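*Asks:* These are the residues of each chain, in order.
Number of protein chains: 2
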Amino acid sequence: MLSTLNYPAIKSLTIDRYARVLSTSVTVPETVVTNDDIIKRYDLIATDRAVQFAVGIKERRYADDHTLVSDLLAETALVCLDRANVRPEQLDRIIYTKLMGDYIVPATSIKVLQKLGMRSGIPAFDIAAACSGFAHILDMAIRYIDSGDDYVLILGGDISSRSANTKNKKDTRTIFLSGDAVVGMLLGVSDEQHFLASYLYTDNTYYEYSYIPFGTEMLNKTKAFDNTMFNMQMPDGMVVHESVIDSCDIVANKLLQHTGLSIDDIDVFITSDQTTMTWEAQLRKMGVPREKSASLFHKYGNTVAALAPVNLNEMIESGRLQRGMTVMFLAHGAGASGGGFIFTY
Amino acid sequence: MLSTLNYPAIKSLTIDRYARVLSTSVTVPETVVTNDDIIKRYDLIATDRAVQFAVGIKERRYADDHTLVSDLLAETALVCLDRANVRPEQLDRIIYTKLMGDYIVPATSIKVLQKLGMRSGIPAFDIAAACSGFAHILDMAIRYIDSGDDYVLILGGDISSRSANTKNKKDTRTIFLSGDAVVGMLLGVSDEQHFLASYLYTDNTYYEYSYIPFGTEMLNKTKAFDNTMFNMQMPDGMVVHESVIDSCDIVANKLLQHTGLSIDDIDVFITSDQTTMTWEAQLRKMGVPREKSASLFHKYGNTVAALAPVNLNEMIESGRLQRGMTVMFLAHGAGASGGGFIFTY
Numbered sequence: 000m001l002s003t004l005n006y007p008a009i010k011s012l013t014i015d016r017y018a019r020v021l022s023t024s025v026t027v028p029e030t031v032v033t034n035d036d037i038i039k040r041y042d043l044i045a046t047d048r049a050v051q052f053a054v055g056i057k058e059r060r061y062a063d064d065h066t067l068v069s070d071l072l073a074e075t076a077l078v079c080l081d082r083a084n085v086r087p088e089q090l091d092r093i094i095y096t097k098l099m100g101d102y103i104v105p106a107t108s109i110k111v112l113q114k115l116g117m118r119s120g121i122p123a124f125d126i127a128a129a130c131s132g133f134a135h136i137l138d139m140a141i142r143y144i145d146s147g148d149d150y151v152l153i154l155g156g157d158i159s160s161r162s163a164n165t166k167n168k169k170d171t172r173t174i175f176l177s178g179d180a181v182v183g184m185l186l187g188v189s190d191e192q193h194f195l196a197s198y199l200y201t202d203n204t205y206y207e208y209s210y211i212p213f214g215t216e217m218l219n220k221t222k223a224f225d226n227t228m229f230n231m232q233m234p235d236g237m238v239v240h241e242s243v244i245d246s247c248d249i250v251a252n253k254l255l256q257h258t259g260l261s262i263d264d265i266d267v268f269i270t271s272d273q274t275t276m277t278w279e280a281q282l283r284k285m286g287v288p289r290e291k292s293a294s295l296f297h298k299y300g301n302t303v304a305a306l307a308p309v310n311l312n313e314m315i316e317s318g319r320l321q322r323g324m325t326v327m328f329l330a331h332g333a334g335a336s337g338g339g340f341i342f343t344y
Numbered sequence: 000m001l002s003t004l005n006y007p008a009i010k011s012l013t014i015d016r017y018a019r020v021l022s023t024s025v026t027v028p029e030t031v032v033t034n035d036d037i038i039k040r041y042d043l044i045a046t047d048r049a050v051q052f053a054v055g056i057k058e059r060r061y062a063d064d065h066t067l068v069s070d071l072l073a074e075t076a077l078v079c080l081d082r083a084n085v086r087p088e089q090l091d092r093i094i095y096t097k098l099m100g101d102y103i104v105p106a107t108s109i110k111v112l113q114k115l116g117m118r119s120g121i122p123a124f125d126i127a128a129a130c131s132g133f134a135h136i137l138d139m140a141i142r143y144i145d146s147g148d149d150y151v152l153i154l155g156g157d158i159s160s161r162s163a164n165t166k167n168k169k170d171t172r173t174i175f176l177s178g179d180a181v182v183g184m185l186l187g188v189s190d191e192q193h194f195l196a197s198y199l200y201t202d203n204t205y206y207e208y209s210y211i212p213f214g215t216e217m218l219n220k221t222k223a224f225d226n227t228m229f230n231m232q233m234p235d236g237m238v239v240h241e242s243v244i245d246s247c248d249i250v251a252n253k254l255l256q257h258t259g260l261s262i263d264d265i266d267v268f269i270t271s272d273q274t275t276m277t278w279e280a281q282l283r284k285m286g287v288p289r290e291k292s293a294s295l296f297h298k299y300g301n302t303v304a305a306l307a308p309v310n311l312n313e314m315i316e317s318g319r320l321q322r323g324m325t326v327m328f329l330a331h332g333a334g335a336s337g338g339g340f341i342f343t344y
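Protein sequences appear in the order of chains A and B. Counted the way numbering that gives the first Met the number 0 counts, the first sequence spans residues 0 to 344. Counted the way numbering that gives the first Met the number 0 counts, the second sequence spans residues 0 to 344.
Treat each hint with caution, since some may be false.
Identical chains share a label here; the pair holds if one copy fits it or two copies do between them.
Unchecked claim - Pairs of lysine-lysine residues, derived as DSS-like cross-links and limited to a Cα-Cα distance of at most 30 Å, are as follows:
hint, residue 1, residue 2
1, Lys253, Lys114
2, Lys253, Lys39
3, Lys10, Lys114
4, Lys39, Lys10
Honestly, the hints are just simulated from the structure, not real lab data. Just so we're clear, the structure is a prediction, and the values are computed from it rather than from any experiment.
If we strip away everything but chain A, and leave its shape as in the complex, we get:
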C-alpha cells in the first residue's frame, strides 16, 4: 500500500429523522459501441478479444451529438420518481454529481428542474467528486433528511465519452474504458432506521494517479486548447487498482465493525467496478461470492459516478435485491476519494 495516511475513525450519525431508498433508475443512450467499432474508428492495432481479456469490456453506450447530460438526467429523474409514485412537486432538493455537466455554471441540476417543468424553485446544485461522487451525495441526502427534508433526489453520471476518453489513439489503455450513463436515486423520510453506517474518506497520496488536468492552472499556461485536455490521465493503472482494493477492505471493515455485522450478514455487496478485474478483486478480498454482487462494466464501461449505483439498480431490477435485505454499498474513485454504507433496502 502506497499511502501512509490514517483513515479517520468512523463516527455515529446523530440522526433522528431516518432516510430510506425509495427507488433507483438508470438511463443510457441507445447507441451501443463495440470494441471493434472503436478499433475501426481510430484505426487501432488491437482486437476485440484482447480488449475483453485485458479489461473485461465488451461494449459501452455513447450519447449522440445532440444529447445533453441534462436530457438523460431529466429522463432518469422521471423514471425514478414514477417508480416511487412521487411527483416532482414533492421534492425538497436535487443534487447531481457530475464529471463535466452541461455547463461549468450554472449547475446542471437546475437545467434538470427546468426540463422537469418544475414550478417550484427548490434548491439544486452539482458536486464534483469523480467515481466516488455518489457516495458523497448519498451521505448528504441522509443528512438533509435528518435535518428536515422529506424527499431528496440524487443524480450521477455523465456523457464522459466526450471528455474522459482519450482522443489520442496511441493510448489504447484508456480509449476503451469510458461509457455514458446516468443514474437516479430517490430518498424519502422513514419511521425506521435503514442506514446503519456511513463512512467517507479521502487519500491525497493518490491525487496525481488519476486526474483530468483541465482547470485554472491550464487556462493560464495554455495557448493551444484541444479535446485531449479533458482526458483522464492515469500514469500507473496498477497503483489505482491496488488502492481501490485497499480502500475497499478498510472501508468495508470499518462499516462492519461499526454495525457489529460480519460480511456473511451482507445480502448484497455493491461497489464501483472501474474494470471487471477491479470488481473481482474486491469480491475476493472481502470473501463475497459473485451471486451476491453485480458488475455491468462489461456492458457499460466506466460510467464514473454511475458505476456503483448502476450495479445496485441491476440487483433491484433483476429481483436479487428484495426489501428488508442488508446492502453494503461502496464507491471509490479519483482523489483518492471514497466511502460506503450499510443499509437495509
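Go by the hints and put chain B onto chain A.
*Replies:* Just chain B now, kept in the frame of chain A:
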C-alpha cells in the same frame, strides 16, 4: 419580475446539534490590477472614470502565472484555523465551492488537504454553484454538524480572472468585473442555537442569463478551443441585476417571517455584490442603512462564491460585527440560485 416560479416555503430545520461560526478569513493575490492597467493591456477605448461610474470597480487582484487556487485555499484555511485556535487534525470535513478549481477531477479540496500536510484522510469534495455556492456549503455545514461533525471548514472563490473574464476585448461590459479571491469559514458545534433560519432556492427562468457554456455539449461540437469558452456570458445584465434584487427581497422576507424578526433587528446585513449598484439596490430595497453592511466590490471585483463572505470578513476584521450580534447573510448568483441565513455571530 421575469420569473413566474413559486419559491418553496421555508421549512424549520430539525436540528439538535447546533453550529456556530468560529472564524472567517480572506486571501487575495498580491498583484493589484487597476482599470487603467486593463485599458492599456487590451488597448480599450475606455477611461478609469467611466468604468468606476458604470460598475463601481477601482481595482481587483489577479493571481500570478504560478499560483494555483489550491495555494490560496491552503493559505486561507490555515489563517481561518489559526484564528479559531483549531488544528487541521481536528477537522471532520472540508467543502470547497469552486468555479473551475485546479483540475476537473479530483476535487481541489483534496489538494488542499495535501498542502495542509494532513495525516488524516478526512472527507473533502467540491461543489459547483457560482456566486451562491457559499450559501449552499454553509447550509450543508450546519447539517453535517447536526448529524455528527464537530468542525467543518468551508472554502470558496477561485482564480476566476483566468476564466470568467472575457478575453474578447470588444466586450468591455465584462472585462473589468472579475477578480481573484478565496475565503474560508470554520464552523464548530455549539451548545446554543446560532442559526435561526436557513433558506435556499433556485430559479431556472434565469438559467441562460449568466453562464459559462463550456461542458459536454461544447466538447462534442467544437473543433477549435480557446480561452473565450470559459468566459461568463451575460446576454442581459439588467435582467440579472433585477433578479438579484427580487430574490434578495423574497429570501430576506422569508427569513424574517420565519424568525419573527424585523429588518431593524438585523445588526449586520451581508449580501453578494456583483456590482456596487447591485449592493446599493439591495440595501435600498430592504431599507438597510449603509453602515450596517459592507461591499468590497470596488476593491476586489466579482469574486464569485467569495463575494458575500468577503464582506462578512470585512465586518468582522473592522470590528463592526461583534459576538452576539444578529446577521442576515444572503448570496445570489447564476442559475439563478441563492439563499440566506439569519444567525447570531
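*Asks:* Provide an ascending list of the numbers of those earlier hints which the structure does not satisfy.
*Replies:* Failing hints, ascending: 2, 4.
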